[in-house]
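Asks: Could you slot chain B onto chain A? The hints should help.
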Amino acid sequence: MSVSEIPHENRQNGGEKRYLKANHEQVSVFFEYPNNTIKTSKYNAFNFLPLNLFEQFQRLANAYFLILLFLQLIPQISSLPWYTTVIPLVVVLSITGVKDAIDDMKRHQNDNQVNNRSVLRLVKGRMEEDKWMNVQVGDIIKLENDQPVTADMLLLSSSEPYSLAYVETADLDGETNLKVKQAITCTSDMKDNLDLLSAFDGEVTCELPNNKLHRFTGILSYKGKDYFLDHDKLLLRGCVIRNTDWCYGLVIYTGPDTKLMQNSGKYTFKQTHVDRLMNILVLWIFLFLIVMCLMLAIGHGIWENKIGYYFQIFLPWENYVSSSFVSSLFIFWSYFIVLNTMVPISLYVSVELIRLGNSYYINWDQKMFYAPKNTPAQARTTTLNEELGQVKYVFSDKTGTLTQNIMIFHKCSINGTLYGDVIDKTGEKVAVSEKDKIDFAYNKLADPKFSFYDKTLVEAVTKGDPWVHLFFLSLSLCHTVMSEEKVEGELVYQAQSPDEGALVTAARNFGFVFRSRTSETITVVEMGETRVYQLLAILDFNNVRKRMSVIVRTPENRVMLFCKGADTIICELLHPACISLCDVTLEHLDDFASEGLRTLMVAYRELDNKFFRTWSVKHGEACLSLDNREKKLSIVYEEVEKDLMLLGATAIEDKLQDGVPETVMTLSKAKIKIWVLTGDKQETAVNIAYSCNIFEDEMDEVFTVKGKDSETVRQELRKARSKMKPDSLLDSDPVNIFLAKKHKALFTMPEEAHALEGDVELELLRVACMCKGVICCRMTPLQKAQVVELVKRYKKVVTLAIGDGANDVSMIKAAHIGVGISGQEGMQAMLNSDFAFSQFYYLQRLILVHGRWSYNRMCKFLSYFFYKNFAFTLVHFWYAFFNGFSAQTVYDNWFITCYNLIYTSLPVLGMSLFDQDVNDTWSLCFPELYEPGQLNLYFNKKEFMKCLIHGIYSSLVLFFIPMGAVYNSERSDGKEISDYQSFSLIVQTSLIWVVTTQIALKITYWTVISHFFIWGSLGIYFCLLFLLYSDGLCQMFPNVFQFPGVARNTLNQPQMWLSIVLIVVLCMLPVIGYQFLKPLFWPVSVDKILKRIHYCMKHPLPPPIRPRRRRPGLRRSAYAFSHQHGFGALITSGKTVKSKALKKNSFPAKK
Amino acid sequence: MERRSRLQLSRLPDITAMKQQQLPAYQLHFSATMVFSIFFASGVFCLFMGIFLILSAKSIQKVEINYTKTCGNCAKLREDAFNHNKICTCSIPFVLAKSMEGNVFMYYKLYGFYQNLYRYILSRSNSQLLSKDLKAVEDCAPFKVSHKEIPFAPCGAIANSMFNGTTKPPYWPKPIYELDPDDPENNGFLNDDFIVWMRTAAFPTFKKLYRRLHRIHYFIEGLPAGNYSFNITYNFPVTKFQGEKSVVLSTLTWSGGSSLFLGLAYTVTGAMTWLASFAMLAIHFMLKQRKASTSKWQSKALKGQSRK
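Order-wise, the sequence lines are chains A and B.
If you read the first sequence in this note's numbering, its first letter stands for residue 670, the second for the next number, and so on.
If you read the second sequence in this note's numbering, its first letter stands for residue 406, the second for the next number, and so on.
Keep in mind that the hints were calculated from the coordinates and are not lab data.
Worth double-checking, as some hints may not be accurate.
Said to hold, decoys possible - Taking lysine-lysine pairs in the PhoX-like style, the calculated list, with each CA pair at most 20 Å apart, reads:
{"#": "1", "chain 1": "B", "residue 1": "Lys424", "chain 2": "A", "residue 2": "Lys1036"}
{"#": "2", "chain 1": "A", "residue 1": "Lys1760", "chain 2": "B", "residue 2": "Lys696"}
{"#": "3", "chain 1": "A", "residue 1": "Lys1747", "chain 2": "B", "residue 2": "Lys696"}
{"#": "4", "chain 1": "A", "residue 1": "Lys1106", "chain 2": "A", "residue 2": "Lys1118"}
{"#": "5", "chain 1": "B", "residue 1": "Lys481", "chain 2": "A", "residue 2": "Lys975"}
{"#": "6", "chain 1": "B", "residue 1": "Lys514", "chain 2": "B", "residue 2": "Lys474"}
As the list claims (entries may be wrong) - Simulated DEER-style distance windows between Cβ atoms:
{"#": "7", "chain 1": "B", "residue 1": "Asn636", "chain 2": "A", "residue 2": "Ser992", "range": "40 to 46 Å"}
{"#": "8", "chain 1": "A", "residue 1": "Trp953", "chain 2": "B", "residue 2": "Met677", "range": "57 to 63 Å"}
{"#": "9", "chain 1": "A", "residue 1": "Leu1025", "chain 2": "B", "residue 2": "Ala676", "range": "44 to 50 Å"}
{"#": "10", "chain 1": "A", "residue 1": "Asp815", "chain 2": "B", "residue 2": "Tyr431", "range": "55 to 61 Å"}
{"#": "11", "chain 1": "B", "residue 1": "Ile688", "chain 2": "A", "residue 2": "Ile756", "range": "46 to 52 Å"}
{"#": "12", "chain 1": "B", "residue 1": "Tyr516", "chain 2": "A", "residue 2": "Phe957", "range": "30 to 36 Å"}
A virtual CB, placed ideally from N, CA and C, is assigned to each residue, including glycine.
The following block holds chain A by itself, in its conformation from the complex (with noise of 0.2 Å):
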């Protein structure tokens, strides 16, 4: 077809749907689709200096200082030389280019990876590999088992019977069972036969690319009929296929019109609160700096005026300068050059870099690196290191975050006998070991990776006891679990929830192997008999029936129900006979309960054939009712589920991860408050958050809140927080805090957000802030967002959110850090947060200790650089009033260029890539260390008032002593000192002793780097020194270099070395005094604890405090359910049981 076959209408449609034939790349062309490389690079070899430049001045400082260098290019108001500024300017520029240009090298490199990975393209009836990148919008593409999907696309046919395809979207939505989709039957039909598929020219006509993931509407017309497309029939770019052969499909979407492309929206840049303080403190300075230059201007008119318009004879007038207020007008600018380095500008380049070290710390920790995924922790964002030292509230998901979503099978009470602990022969309950797992080798069909400790249970079951072989055959009977057999004896179960997949697992290796299922029989294997049963009815599981059940026809022809359930549905439900039994299995229960296991009860039922008959009759009466189906099918089912004979019990551990109470409990004594949001239900929320320790045993009454409209909820708010305290005061009172911390919460969201509606949102974050543990259950994605989004606007304080899936990710990108972890479920989670390792009790370092560090050492660092600069630039403030507000300097211009960027630059980075006043034991010993952090005490408003005050007095030293010095005063060679080159030498000298010194005072941790930083810059200074006053510099630039022989001249001056002692005395013993006398006066928390450890360092170390980790010794039930659906309705409908017996037959279609 050539291009003017194009349907008119649409040519011009073009702009609102997109039009594509199969095989016609022509059409791809005419619509210039773009072809299916993606792009996630910034720049290239040449846009790069243009576009990263112009960025980089987006910034405010660095605009700031480019308008400085264009003010200084202007000779009337000059006051320094034009390298004064452009020097440090280039630096700071070339370091965050080089950053940018790694950064950005590395997206190239990914990005070629991905587009040069090779396909099965239909190319004129062959397959022909070809890479990813040359996929055209209307291609035919062949996809085999555990491929990628190259991108958007059309299935057309499978290998699967009714051309089904599965596909995992683990990478797209985190969700790990796996999807099934289908192609239409008219395209089905072509199977794998390359000559129809190459014939093939459907035309399809579908919406623009867009980022929806669960939506897609489109016509295909072929052999002019119309077929109707949705999103069950597109194969997304992002998924794997898995359990399918092969497929094929048309490409729709390609490289940047993909879903997944579409979706990766552009990354919000999270500001860190220290970058906010910083901002507003850069205006502080900015402003401070118009009013000092406002104060010199002034000065300068008033000399002028007395003086200066007198010493004209020496010094005339410029032709410029009419009078004394223009010269001041002028004089403004002047001072605002001389000061700006006030606004240091080396700052937030050295923040930066600060960040990036203390991030590459992360990267590097040994102690985060999980060695059985050969995974490290990673610091994916480099700029939030010191909010991670702030942290008040964390934000968890349950699945797979707190637990690790593994279901294991653990013990089982069956006739009233408990199965699952090793006893030893005096009796007491003996640890297991790796070696004393048993040996399922006489099982030929049993799963290796299942263990189980307990030998009795084995013995019983070859023994043949009859109670045990039915509890068995009951578990792998009553499930909605899908077999898969692709080797012959190699099963793999596909479960709808992992706890079900762990009973089916366990009855399995026990010898009652469930082998597969259509959708009239089960074929179970059981002791190494194949017997096939007849599948009569799944009553399926619901959130209000908590339980499910199979009816079975027997090969015997006897019909059995076969049920599990919650403990506290089943017992109601038990025959009378079985109350003795059912007691002594309620123990059982209260001792699994207590170790936090997910229990089922076990029961069953044999049915009379007549009885069965006539409810059969009623059940399918029930199931094509069309009004009030659910509530008719609900009474049908109860009719059956009685006169229960109970079997037994079973207990499953969802495997907490490692050390995640311990975490806990470390978490909030920091006074950390951890919030567990979740989507899962109320009870297995509240079994986890008891067995972490969020929820403890001592604290006071739940309140639950589970309104369902916003009335209710909002009165439920109030009861409960009239409750913790009577008169509901505000939460900021401190004894209401100090009453609500034994109280804890737990919210479980109804489907519509009532909680999260309006005022009544308000409430809920008083009453939940109240209480110690919170936990919302029921959450969906969006809502975990909103929740955060509501602690972050109401207080004001550091939000962290911790996930692993896909429905994590929009809690993660909302709150301040978002830390994923990257564990079962897909790469969603780990791809946007900020951090990501693989286990949750890594936080705890990656909080305590590394946060702790980043906060202490970027307070550090940010108190001493502002300090710095104040003493170094104030000293012309006060310079300005014995030379008659000239906008002199004191310093060398060269002292100027280099005092930022050189000589004291690398101890204040040493330090704040070093210091730590505590070591990574004590940090998580003690963990109420991280108090300061959250209120945020070592740097704020407050403390920038201090250092410009400690910096206002040191210039203040550093300007009067040498003055006092040198006036009126000679060299030993009665030559006068008192020369300017003589007083800034002096000046400058000092200022480099006086900041090192300081340095020196607040490093805490001296190690061999920050000796070296410290003296190697002084020593640095002094070289430069003589190299930048020699005599050979001087004679080839004289206009430049216009101090030599200064240093030489000076530095031998008895005056000099007097006046630097008695500076850096009186700079120092202040600090050392307010250090001493601030803990005295003004104690901190913290300081105790600082002495204690400081006591305890001089003394050998105690045993490190282990959290005592404690029982639960209420009894709450949690039943092992997933929350949604069940596979019944599936497994009924017979749609997705793959066997290939079923092929041959006709489809049976159950409705």
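Replies: For chain B alone, coordinates are given in the frame of chain A:
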């Protein structure tokens, strides 16, 4: 097997002290004892330094003769620029009651003369002074070239305003090579007085070395007591901008002509440090005592409670 496990841990971070932040280090922590010893020690040091410096400064003999008022007539004359042709001399007699022993230096001292103005300091040409390029006068505004467009040598405001008992401002009457008729070596840019003047002062009040006492014959021990007088050819107008002029004769000590300032500053610092350290000591012990008593009280209260 070993190889495989190493492969599996391919991303294990390096275990170096630097990367694990476990560099061996000295933990600096100021204990009370350390603080007090630092304070007392620096107090002692400063006091001793101060007293020593004061004593040595006192040993200096200094004579300053301010002739702004004495030569008021000349000053008046110079205020009017049209009188620049008229010569005005002024004689200042003075009595040296005590002989000045050792090296004696003579300085001229100016009050309120701003050699440190930004434009003033800048107004010189180092290239010219180094004789690299005599025509390099671009930095010398406002004294770059004469009205005949001939570059000044030396150019610039500093050179132009050179304080010289024999030249007359604002323009040099003599060429640079005739500054010292007595010594042909001491002329041009190498003239001592010129060099001294070109090293601009940091403050508006400054003194500059003018002459040394040539210690021969009668003056071998220094400057004996007696009657002296300075004969000054008054050329330099300063009264217009409230400036003053004087002549200073002074001897030196080991630390040069150190003024009292450093000695006093040291003494005051030392005294303050001592005061501060005593105050801190008192606070420290008071708080310690109170803490001890409260903790005793608390433990007693606790015991009482437990008995109940």
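Asks: Now look at each hint and say whether the structure bears it out.
Replies: These are the hints, each one checked on the structure:
no.	hint	verdict
1	Lys424(B) <-> Lys1036(A)	holds (11 Å)
2	Lys1760(A) <-> Lys696(B)	holds (15 Å)
3	Lys1747(A) <-> Lys696(B)	holds (16 Å)
4	Lys1106(A) <-> Lys1118(A)	holds (11 Å)
5	Lys481(B) <-> Lys975(A)	holds (19 Å)
6	Lys514(B) <-> Lys474(B)	holds (14 Å)
7	Asn636(B) <-> Ser992(A): 40 to 46 Å	holds (42 Å)
8	Trp953(A) <-> Met677(B): 57 to 63 Å	violated (32 Å)
9	Leu1025(A) <-> Ala676(B): 44 to 50 Å	holds (49 Å)
10	Asp815(A) <-> Tyr431(B): 55 to 61 Å	holds (56 Å)
11	Ile688(B) <-> Ile756(A): 46 to 52 Å	holds (48 Å)
12	Tyr516(B) <-> Phe957(A): 30 to 36 Å	holds (34 Å)
Hint violations for this structure: number 8 only, all remaining hints satisfied.
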